[in-house]
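> Residues per chain are reported as follows:
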Amino acid sequence: MSLDDATVKKVANLARIAIRDEDVPHLKEELNGILGWIEQLQEVDIEGVEAMTSVVETDIPMRTDITADGPTGGGQPENIVANAPKTEDHFFVVPKVVE
Amino acid sequence: MTDLTAKTITELRSGLSAKEFSAEEVTKAYLQSAEDASELNAYVRLTPEHAVEQAKVSDRRIADGSARPLEGIPLGIKDLFCTKGIETNAASKILKDFRPVYESTVTSNLLRDGAVFLGKLNLDEFAMGSSNETSAYGPVINPWRRAGEDTKLSPGGSSGGSSTAVAAHLCAAATATDTGGSIRQPAALTATVGIKPTYGRCSRWGIVAFASSLDQAGPIARDVRDSAIMLTSMAGHDPEDSTSIERPVPDYEKALEGGVKGMKIGIPKEYRLDGMPSEIDELWQKGAKLLEEQGAEIVEVSLPLTKYALPVYYIVAPAEASSNLARYDGVKYGLRVHDDDIHEMYRKTRAEGFGREVQRRLMIGTYVLSAGYYDAYYLRAQKVRKKIANEMASVFQDVDLLLTPSSPSAAFGLGEKSTDPVEMYLNDVFTVTANLAGTPGISLPAGLDGQGLPLGLQLLAPAFGEEQMLRGAYALEEAIGFDAQPSKWWK
Amino acid sequence: MAETRNLLRGETGDWEVVIGMEVHAQVTSNSKLFSGAPATYGAGPNENVSLVDAAMPGMLPVINAYCVEQAVRTGLGLNAKINLWSRFDRKNYFYPDLPQGYQISQYEFPIVGEGTIEVELDAERTIEVGIERLHLEQDAGKSIHDLAPRESYVDLNRSGVALMEIVSKPHMRSAEEASAYFSKLRTILRYLGTCDGNMDQGSMRADVNVSVCRAGNYAKFLESGDFSHLGTRTETKNVNSIRFVRQVVDYEARRQIQVLEAGGSIDQETRLFDVKSGETRTMRSKEDAHDYRYFPDPDLLPLTITQEAVDNIRAELPELPDAKKHRFVGVYGLSAYDASVLVMDKDKADYFERVAGGRDGKLASSWVTTELFGLLNKTNTNILESPVTADQLGALIDLIQDQTISGKIAKQVFELMLTEDAGKDPKDIVEARGLKQVTDTGALEAAADKIIAENPEQVAKVKDKPKALGWFVGQVMKETGGKANPQAVNAILKQKLGLE
Ligand SMILES: [Mg+2]
Ligand SMILES: [Zn+2]
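Chains as they are written, first to last, in the UniProt record's numbering: chain X, 1 to 99; chain A, 1 to 491; chain E, 1 to 500.
One should not assume that every hint holds.
Stated by the list, open to error - FRET-style restraints, in silico, Cβ to Cβ:
#1 Thr306(E) / Glu352(A): 49 to 59 Å
#2 Glu352(A) / Ile144(E): 26 to 36 Å
#3 Thr7(X) / Thr270(E): 17 to 27 Å
#4 Asn380(E) / Asp59(X): 45 to 55 Å
#5 Asp226(E) / Val49(X): 25 to 35 Å
#6 Ile144(E) / Glu11(A): 56 to 66 Å
#7 Ser66(A) / Asp311(E): 44 to 54 Å
#8 Asp200(E) / Gly85(A): 36 to 46 Å
Stated by the list, open to error - Derived pair list, reagent style DMTMM-like, types lysine to aspartate or glutamate, alpha-carbon separation capped at 25 Å:
#9 Lys386(A) / Glu57(X)
#10 Lys84(A) / Glu88(X)
#11 Lys269(A) / Glu57(X)
#12 Lys10(X) / Glu357(A)
#13 Lys152(A) / Glu39(A)
#14 Lys142(E) / Glu235(E)
#15 Lys408(E) / Asp345(E)
#16 Lys348(A) / Glu88(X)
#17 Lys93(A) / Asp97(E)
Note that these hints are calculated values from the structure, not bench results. By construction, the Cβ of each residue, glycine as well, lies at the ideal position given by its N, Cα and C atoms.
Whenever a hint applies, use it, and build me the whole structure from the sequences.
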């Protein structure tokens, strides 16, 4: 499997990274270099092997249903928008979204 | 007075408690040495006022007898750890001016134990790299140089700021993170000791994520004992991290003694690579011999899937990263490049904010997860990963530890490897398996190559085998007796 | 089930409409699915947001045990299979109300598998609708577009709130069936206490999938399970009322038939419902073909629950609407339809049971459904705020049952209970206002005699037309101010007029 120009552009768009047309050829080359090297995994027999979902083999820890204080709780709109490039009345402000 | 920055944590600890010097004096000495070493570019940000304030608190506690385990020990913090009120950028333009309102669990643990933070350390952007050249702040310079040369060398990566700062005595020890080898490889290239703990041993909460299933925090320190002291403070269960393990933290310093007598240590034959410098092979054999002389049984073992570990890593890590880094979109924090169209704003912001290596990995990660390719790449990689983890687990049925080189080469010159991404990726060939399997590893200095550059050896252990790993590392360290220092050319 | 029904006539022949629904139901919980921020409605902007919900770097999710329990409870209420092992996946896409850049959802392995529910359409018709699955996922935030001309404002209060996405099989075949399903689902969730069903607050929204196919093709689909027999479907997002569900289906079915009959084809697309026009339209923001790049969330472990935990939840399930309906039919002698109307809302069913206890069930049902519900509908009042309590209504019914008043007088008393005599015991009202039924035969006979004597021509008529008796009864009732017992008046008149 190797990428063509259109796929490089499509992937860049999916990843929301603007790329210039003149960058496509070398990006394509680099990505294909990496993917070509990864290709060796096709040699491995994975018949009947379960995919790794987690390294940790314990039961999932759960929270109790109470509202928290601190970072994992609410009631801190100032903190939430403190680093935002643009805000208004504790809202994040972004270019108009068209639905 | 002797140079305070030359002391290990152990030495500082006893000197502080004996009141031979104060925490404030030690902190100021480190701040001075850090400032003098700006040429190394290890720190992206020093926080002297914070540090001195913390040191004063430490001095009061030492005075009133309520000193904590790391009281007054000056540390450097990799800038991947969020620190409350102190800018944290992960060496990326996209996190420009980001000032977390929270403290990562690991750094909270260190503060709880009385540590003093000198500042934030440079790294590869989002920890993606093996040379520290992908940092938006520019590369870190290795304090080590080839004999008779002044070529600037890489300190390894991604924790290159951490390794350099420890090696050049710009902090007593440093926090670091290891996703594919980012603690052990830079430690090897700078003659420091780095531990990548078992996955889940240190909380990931508050550490800027790269690849969630692989990331693990650990220390880089001067010697094995210091690294054990650091790990004892850094580790611990965190209910806010679902992958954190609920298991008591032993006092790792207590695990050091006892030697390797009766231990069975495996030498994986697949780690003998074609074209690897002979010096690395020689040091490896020497390490095995030293362990054998101390009563360990050395056996050759086979890990035939080793060669697939890196390709698996370069699917899994970018895939997770492509998702983890989707939050950097110019809406909530960091850089925004304005455009009237929201999606154009995303594209421009991310093109401007992420460096080339990060962009490359995000694209690889996006591609391997995309419709039609998921099974062939991501799913297959996770299956091979399972086989690799099983293979590791089964070899640890037979042996207590594995001994391997830490990295396939000594420190290399800046720019020497950055053209071909795959060549750069091969730096992690010895370290990455432990990340895939979630098992611990330690790198310690093993000797110098013909050019006078340090090389490291790695000990690997089964999950939660940190104590036996440290015991082995301590014994090996003693036996090797490495005591070289980089000449202080930077002022 | 394989019959063709609800055919739609087109220019070129008959069509069938096929509907499936994905309902997003907000889990009733104090805090969010993966953080400790409040899940309550109506807070100020970004007030109910934790650093986890705002996707600050390094923040990690930890699942809320109660939300898991609620999903299991709901699964049991839908007669569905509970999966003891399930998994959270990330659904990746960029949108300003999705701070992580991904939604944590369950894609390949949902916590609840197949189930089925009964849906009553009317007194005669009940259909069965299959449930495909139920999974847990996070809600997104909210973008507000009308606060500034060129900007949108983002509030993350909903971000991370626990949702159950309940996916039906394509078993609904008309707007009526679709809206009845949505309504029944709401009833079940409210019984279970797993979702409050407040559609105004967005607690329940439906994505309505509509397709049309030629008459007869649905049967082929059912037999073979082969979706190619069905037409291409459109998905109309976030429909938040039962009435709108109906409108969406009607509109989409008509639109699709028109397109197809004009030789066009239907795009598989996402559409929005415009409440004002009652029409659906293509979503403009559909900026690229979605490729969600699902993969298991590495920040979470697989979701495992024990059979024992499931059994414990099952043991504590409340009586569900279908069981309650059957009990109402058996115990109170109600018709299935009346019972289904009563059980639609648990609070209403509870009210009814309190009224009906120890009384005539049918009489109670008729008072509750006609008088009380009529009043509540008219005044838009919730049953819990009913101005007449169940005990007061029961006391009124007691007065009818022991013949203290007639049904007609009872209606007057009911009116008074809402107005001048609010809060008073109906018995006292009857007493004070002298509304007690006249059962004194002497008084009734006197009145009857008077009417007969004064109206000879009517007397002559009633001999040939016994139906004219009603006129006499009315006159006697008038004479007694409506307080006469109608049965008694009837008997007296018949006897006096020689009609037996
Ligand atoms: Mg949907
Ligand atoms: Zn959904």
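> Each hint should be assessed against the structure and marked as holding or not.
Hint check results:
The hint said 49 to 59 Å for the Cβ distance between Thr306(E) and Glu352(A), and at roughly 50 Å that hint holds. Checked against the hint of 26 to 36 Å, the pair Glu352(A) and Ile144(E) passes, with Cβ atoms roughly 27 Å apart. Between Thr7(X) and Thr270(E) the Cβ separation comes to about 24 Å, which falls inside the hinted range of 17 to 27 Å. Separation of Asn380(E) from Asp59(X) is about 48 Å and conforms to the stated range, judged on CB atoms against 45 to 55 Å.
Against the hinted window of 25 to 35 Å, the Cβ-Cβ separation of Asp226(E) and Val49(X) comes to about 32 Å, which satisfies the hint. The hinted range of 56 to 66 Å is satisfied by Ile144(E) and Glu11(A), whose Cβ atoms lie roughly 60 Å apart. A hinted range of 44 to 54 Å holds for the C-beta pair Ser66(A) and Asp311(E), which are about 52 Å apart. Between Asp200(E) and Gly85(A) the Cβ separation comes to about 41 Å, which falls inside the hinted range of 36 to 46 Å.
Annotation: proposed proximity of Lys386(A) to Glu57(X) holds, straight-line Cα distance about 13 Å (limit 25 Å). Annotation: proposed proximity of Lys84(A) to Glu88(X) holds, straight-line Cα distance about 24 Å (limit 25 Å). For the hint pairing Lys269(A) with Glu57(X), the CA-to-CA distance comes to about 29 Å; that exceeds 25 Å, so the pair is violated. For the given pair, Lys10(X) sits about 18 Å from Glu357(A) by alpha-carbon distance, which is consistent with the 25 Å threshold.
Note on Lys152(A) and Glu39(A): the hinted pairing holds, with a Cα-Cα distance of about 11 Å set against a maximum of 25 Å. Taken as a hint, the Lys142(E) and Glu235(E) pair is honoured in the structure, with Cα atoms around 20 Å apart against an allowance of 25 Å. For a cut-off of 25 Å, the pair hint linking Lys408(E) to Asp345(E) is broken: about 28 Å separates their Cα positions. The straight-line distance between the Cα atoms of Lys348(A) and Glu88(X) is roughly 23 Å, inside the 25 Å bound, and the hint therefore holds.
The hinted pair formed by Lys93(A) and Asp97(E) meets the criterion: a straight-line CA distance of about 23 Å does not exceed 25 Å.
The earlier numbered hints that this structure contradicts are 11, 15.
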